[in-house]
Amino acid sequence: MLADVERRGACFCPSPSPYPAPMPSRQMTSALKGEKHIVSKKPLHNSVNQQKLDNGCQPQEAKSMGRRRGRARGKAAGRQVKLEAEAGLEKGAPPVSSKGIVFCRRPGFGQEGTRCIVKANHFLAELPDKDLNQYDVTIIPEVSCRSMNRAIIAELVRLYRETELGTRLPAYDGRKSLYTAGSLPFNSKEFIIRLVEDDDGMGVTREKEYRVGIKFVARADLHHLRQFIAGQQTDAPREALQVLDIVLRELSNQRYISVGRCFYSPDIRKPQRLGDGLQSWCGFYQSIRPTQMGLSLNIDPSSTAFIDPLPVIEFVAQVLGKDVLSRPLSDADRIKIKKALRGVKVEVTHRGNVRRKYRVSGLTLQPTHELIFPIDDQMNMKSVVEYFKEMYGFTIQYAHLPCLQVGNQKKANYLPMEACKIVEGQRYTKRLNEKQITSLLKVTCQRPRDQEIDILQTVRQNAYGHDPYAKEFGINISEKLTSVEARVLPAPWLKYNDTGKEKECLPQVGQWNMMNKKVINGCTVNYWACINFSRSVQENTARSFCQELAQMCQVSGMEFDHEPVIPIYSARPDQVEKALRHVYNAATNKLKGKELELLIAILPDNNGSLYGDLKRICETDLGLISQCCLTKHVFKISKQYLANVSLKINVKMGGRNTVLLDAISWRIPLVSDIPTIIFGADVTHPETGEDSSPSIAAVVASQDWPEVTKYAGLVCAQAHRQELIQDLFKTWHDPQRGTVTGGMIRELLISFRKATGQKPLRIIFYRDGVSEGQFYQVLLYELDAIRKACASLEPNYQPPVTFVVVQKRHHTRLFANNHKDRSSTDKSGNILPGTVVDTKICHPAEFDFYLCSHAGIQGTSRPAHYHVLWDENNFTADEMQTLTNNLCYTYARCTRSVSIVPPAYYAHLAAFRARFYMDPEVSENPSRSMHQTNGSSVKPLPALKDKVKRVMFYC
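For the record, in the sequence shown the residue sitting at position 409 is 409 according to UniProt numbering, with numbers rising by one throughout.
Honestly, the hints are just simulated from the structure, not real lab data. Accuracy of the hints is not assured; some may be wrong.
[Claimed, not checked] Think about it this way: if two alpha-carbon atoms lie no more than 30 Å apart in a straight line, the pair counts; the simulated DSS-like pairs of lysine-lysine are:
| hint | residue 1 | residue 2 |
| --- | --- | --- |
| 1 | Lys592 | Lys754 |
| 2 | Lys435 | Lys411 |
| 3 | Lys503 | Lys592 |
[To be verified] Have a look at the derived ranges for each label pair, beta carbon to beta carbon:
| hint | residue 1 | residue 2 | range |
| --- | --- | --- | --- |
| 4 | Ala332 | Lys389 | 55 to 61 Å |
| 5 | Lys270 | Glu197 | 48 to 54 Å |
| 6 | Ser665 | Asn585 | 44 to 50 Å |
| 7 | Ser265 | Met379 | 24 to 30 Å |
| 8 | Ala332 | Ser692 | 21 to 27 Å |
| 9 | Gln272 | Lys820 | 25 to 31 Å |
No residue lacks a Cβ here, since even glycine has one placed at the ideal position from N, Cα and C.
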């Protein structure tokens with residue numbers, strides 16, 4: 001967890017800053033007094049602009065920097081968003097409703113860059129003129145299965161559409177709501193529906209009766225939707241959008257298997273084997289969204305893993321990777337199979353046309369030939385082998401294998417594996433192994449031209465023009481990709497050290513290299529050691545590799561001693577802690593008071609938990625920076641690999657690789673004029689199936705100004721799948737010291753002050769990993785935490801905040817207008833790095849844009865989506881887009897521009913790293929060693945050592 005920073009011991013000391021406190025409308029007195037208000041009801045203003053009003057003059061410090069910020073920005077200030085209501089937002093309390101806040105409005109459209117046309121996988125949808133009506137559906141007896149609900153309503157529509165329903169064709173959400181275009185002839189009515197059902201596959205049919213009630217609820221207002229699309233209304237009419245979405249999904253729901261917003265079928269494209277009993281199914285994502293051009297249907301290819309509908313014995317053989325017909329299963333094999341089959345639906349194959357389905361609950365301990373069960377109340381026993389022979393005339397051939405246990409656990413129900421087949425259409429929800437991931441990526445990885453063709457083919461296959469539901473509701477879908485005007489922003493000039501041959505560099509198509517260049521600020525590594533955990537790497541090979549790496553570090557501009565402090569130490573992977581402590585202590589003893597600075601570790605290519613254990617011990621226990629290298633790279637030394645590793649070592653040791661030329665020339669709008677701190681934040685959640693593991697939050701913040709290149713990082717554990725970052729700001733009561741304040745924002749602000757000698761007068765906060773439905777919650781909670789953290793450092797200290805959400809998990813793709821025009825694409829056929837779109841397919845009124853900041857390597861590039869939710873700094877579209885694009889060239893780990901802004905990327909890396917810090921025993925048994933945090937039981941992460949958290953340890 002975070003090192004606790006006491007409010008009294010580490011506060012911002014008042015300094016003779018030319019920036020007086022902002023006007024009282026932005027004061028956070030409630031944060032100081034412990035009240036529950038997020039901010040005042042008055043509008044928030046840019047602090048610098050406000051001073052001009054208060055003082056009647058321009059701040060002197062900004063003047064002395066020769067900045068252009070002195071010009072008035074009245075128009076920009078006029079678009080400033082406001083908090084319109086107070087929010088009772090204490091830690092753990094539910095956020096206020098969406099009615100209490102208005103997101104930042106678009107300040108205008110960007111003009112910078114070379115104009116071009118791109119195509120987007122958005123298809124124009126014409127709004128219907130008809131009234132949309134919602135009806136409540138009740139089915140008695142209640143049915144929990146959505147497919148059964150759909151079958152009941154489908155039968156009702158078949159029987160009564162031409163009569164009682166007045167020829168209407170309703171769309172149904174599978175639960176409680178039914179929608180029609182125009183009114184039904186009644187407000188409320190009950191129907192009796194009889195369905196002939198197969199009794200769970202036993203071959204015995206029976207008729208079941210359902211009472212279905214349909215009652216009018218509301219009319220969806222399309223007028224508000226039209227106003228929203230025109231930018232004349234702030235709140236999206238979600239009800240109307242939901243109706244249209246359900247209508248357009250109705251036919252696909254009947255044809256395909258739906259998973260979230262995606263549809264899959266083995267008929268769309270032939271399934272591909274992924275290994276271990278899995279196969280990939282192809283499908284498509286579909287969503288209707290309001291955009292500047294009107295309603296847009298977003299279609300994107302999708303693939304996911306399904307369980308291969310194999311005979312169970314074949315499935316078992318694939319999972320175990322060996323023949324199972326001739327020899328019994330070991331205990332380990334049985335456990336592996338039980339895990340793979342639990343919850344899977346199977347159907348019997350030994351009864352001809354009777355294909356009864358069961359869900360597997362377990363596996364028998366004994367082989368089939370040893371299994372007996374009672375056949376009556378007198379406890380007369382019969383063997384499974386005899387029973388199947390007598391009852392079905394089925395001879396069990398592989399009686400050495402265990403039986404599947406199915407159905408109710410209380411009553412033994414055994415099925416021989418050879419009499420069962422896996423039911424088709426079951427999605428695999430557990431974690432894929434490396435081999436399966438690789439196979440799935442091969443299926444999904446499509447060149448841009450192929451993906452564009454695939455999308456158009458999906459739209460044609462779906463035939464929205466002939467969709468009876470779309471026709472009923474008057475929705476017309478275009479079959480053409482949307483052409484959008486885009487701009488390609490220029491790459492920024494990068495500054496390297498003046499001692500190199502090339503002092504400045506202009507990247508070409510998103511990439512460059514380190515030839516003839518030296519890092520701008522090289523670190524010094526005098527004391528280092530190496531541990532070799534790989535049996536196949538001999539000592540002389542390891543020594544040669546380390547010398548080559550040291551040489552590359554020197555060539556790159558670092559001071560790096562050629563010899564390790566102690567000889568290279570070889571150790572077994574299962575003795576990682578012992579080995580680390582031995583090397584650390586041996587080096588410390590030899591250095592006599594000086595500290596070991598860097599550890600180089602050579603790991604086996606497949607190292608299990610070794611990497612994570614090493615990082616945890618080094619970063620939370622020993623306070624030691626480490627660089628891991630895999631065996632394959634040690635044997636096959638590549639100059640490019642060594643150059644990349646040297647870049648990582650430099651930033652881990654506190655150096656800088658490169659900076660933006662505009663940054664050190666004081667030319668970045670709204671960054672260079674006053675001390676500015678840039679934050680990145682992310683939360684990573686446990687994988688599907690892990691029901692109790694905590695989520696990990698990470699926050700990084702720039703520690704240099706004006707360069708904004710070095711980022712310190714902090715991490716914390718929080719409640720399972722909690723998206724709001726709980727430890728941004730926190731207070732607690734200490735018996736001796738009274739109320740103590742701390743948290744990640746506060747600690748990073750103090751760290752910035754110590755590193756630069758100045759307090760941040762502007763905050764830019766890039767927040768990763770937030771879905772659209774969480775925008776309000778995250779903004780309200782986390783902006784409030786930023787406010788409180790600032791106020792806790794100094795009375796009236798409230799620097800203006802810009803809060804930007806970064807999204808990669810969206811489904812918008814951008815394609816070159818002409819794939820044959822090589823000047824408009826990179827080598828992979830993707831659009832050029834720097835391509836930005838803020839028109840047509842973007843939000844009707846809010847400040848968002850798509851930016852493809854990276855060059856593609858393989859497959860189709862996914863642009864990042866940036867949504868500015870809150871902006872007190874009054875960025876123009878060009879300023880925000882250019883800053884974001886330019887920052888993408890400062891990523892420390894490679895000489896390429898990256899796909900998302902580096903602070904968000906670093907936060908993701910830090911959160912991923914912190915998962916290794918969790919105690920393995922606690923992650924397996926979460927009830928142990930927990931304490932209450934914000935109402936949830938979470939074991940805190942071990943604290944990062946001070947030496948580690950000051951540098952970019954996560955790189």
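The hints, checked one at a time:
1. Lys592 - Lys754: 29 Å, holds
2. Lys435 - Lys411: Measuring from Cα to Cα gives roughly 39 Å; hence the hint is violated.
3. Lys503 - Lys592: Distance of about 39 Å is beyond 30 Å: violated.
4. Ala332 - Lys389: 55 to 61 Å: 31 Å, violated
5. Lys270 - Glu197: 48 to 54 Å: 33 Å, violated
6. Ser665 - Asn585: 44 to 50 Å: Given about 47 Å between the Cβ atoms, the range holds.
7. Ser265 - Met379: 24 to 30 Å: Violated, at about 49 Å.
8. Ala332 - Ser692: 21 to 27 Å: 25 Å, holds
9. Gln272 - Lys820: 25 to 31 Å: 30 Å, holds
Of the numbered hints stated above, those contradicted by the structure are hints 2, 3, 4, 5 and 7, listed in ascending order.
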